[in-house]
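A.B. asks: The task is simple: from the sequences and hints, build the whole structure.
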Amino acid sequence: MSLYETPTLIKTAKKIFPVSLWFRNRYFPTTDQDMFPGKQVLIEYKEGSRKMAPFVIPRQGGITMERSAYTATAYEPPYIAPQRPLTIDTLNQKGFGEELYENKTPEQRQAEVLGEDLADLSEMIDRREEWMCSELLQSGEVIMKHYAEEYGKGTPVEKVLRFYDKAKGFQNKYTPDTTWDMETATIYDDLDAMVSMFTKHGCPVADINMSAGVYSRFIGNEKIQKLLDNRSMHIGDITPIETPEGVAHVGYIIVRGKKLDIFVYDENYEDEAGTIVSFVKEGNIILTAPGMGRTLYGAISQIEESDHLFHTYRGMKIPKYLCDSKHETREIRVASAPVPVPNDRNGWVVAHVLGDD
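Under numbering that gives the first Met the number 0, the first residue of the sequence shown carries the number 0, and numbering increases by one thereafter.
If you're looking for bench data, these hints aren't it; they were derived computationally from the structure.
Derived pair list, reagent style DSS-like, types lysine-lysine, alpha-carbon separation capped at 27 Å: (1) LYS172 / LYS222; (2) LYS222 / LYS258; (3) LYS258 / LYS172.
Cβ pair distances, simulated, as ranges: (4) GLY354 / VAL159: 25 to 31 Å; (5) THR328 / ILE142: 32 to 38 Å; (6) THR72 / GLY290: 18 to 24 Å; (7) THR311 / ALA205: 36 to 42 Å; (8) GLY290 / PHE169: 17 to 23 Å; (9) PHE35 / ILE234: 44 to 50 Å; (10) ARG255 / LYS152: 45 to 51 Å.
For every residue, glycine included, the Cβ atom is placed at its ideal position computed from N, Cα and C.
C.D. replies: So this is what it looks like as structure tokens:
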């Protein structure tokens with residue numbers, strides 16, 4: 000089997016170590032059942048209920064109970080397909096990290112450049128998936144701008160993936176009476192109110208994700224410091240640990256009897272305008288639990304160079320190798336069709352807790 004055939008490239012892509020994917024891996028993991036054989040995926044999510052079973056008079060049978068709100072929709076995920084050309088001019092140039100007078104032929108550089116391009120394109124898709132998860136958690140929707148030619152140029156076609164009732168508005172949002180950068184802030188009371196939003200709907204909560212600025216205000220708050228330093232009442236602990244995903248686990252705090260791990264997520268990405276943006280918007284705090292959702296993938300169909308026939312691949316990332324002998328160019332493309340989905344509409348809460356400067 001050739002190095003440039005799709006099955007070989009898929010195996011290579013699977014071995015590439017992903018960039019920081021904290022939100023996707025922890026909160027929107029993927030199983031084999033989440034990769035669909037066709038272009039469409041089935042989006043399913045529910046709304047938690049706290050109803051009790053009724054008392055029934057003997058010999059009167061049962062009482063019919065309505066099912067909890069449940070949504071199931073067939074959806075075609077967005078198509079993500081970064082690509083990169085390879086020309087003889089590229090192969091004649093010295094590669095990154097290569098010695099100036101190293102005698103490598105274009106043929107030898109070809110496989111190296113292919114591997115580097117495959118890794119770069121795979122990382123771009125990783126960042127886009129992380130961005131989708133980030134947007135969903137912080138706004139309840141993902142606004143996707145689709146470009147036809149050059150990324151960031153021209154007028155994009157916008158599509159919106161929304162996980163709330165537009166008429167009611169986004170309900171997974173908490174607004175503190177006093178922002179956390181004020182001396183009169185009641186941080187612990189705010190956390191208590193946010194946790195109560197989970198218990199009201201019977202949803203689990205275990206994690207607090209903060210922006211770096213929020214954590215600075217949190218740890219510098221005098222009331223929080225006194226709570227953590229109270230020897231007779233163990234309410235939390237602050238012991239920073241760097242996690243493998245590049246997220247800092249800074250400790251935990253107990254709210255309503257629930258142990259909440261505190262994470263500071265300070266990773267960022269470059270948007271289509273070239274601006275560096277944090278995945279967690281400055282001033283935001285997100286409460287949720289691991290596995291609160293999942294990432295679904297639609298299948299990718301493409302014509303293969305080997306037999307010029309359509310082939311459909313089920314997976315997270317599908318590479319494709321293109322060759323144009325007339326213009327002496329080759330091209331590598333990696334395609335993906337992901338969509339993050341929450342399991343429960345009430346499974347997370349976000350709050351903007353810092354005042355706008």
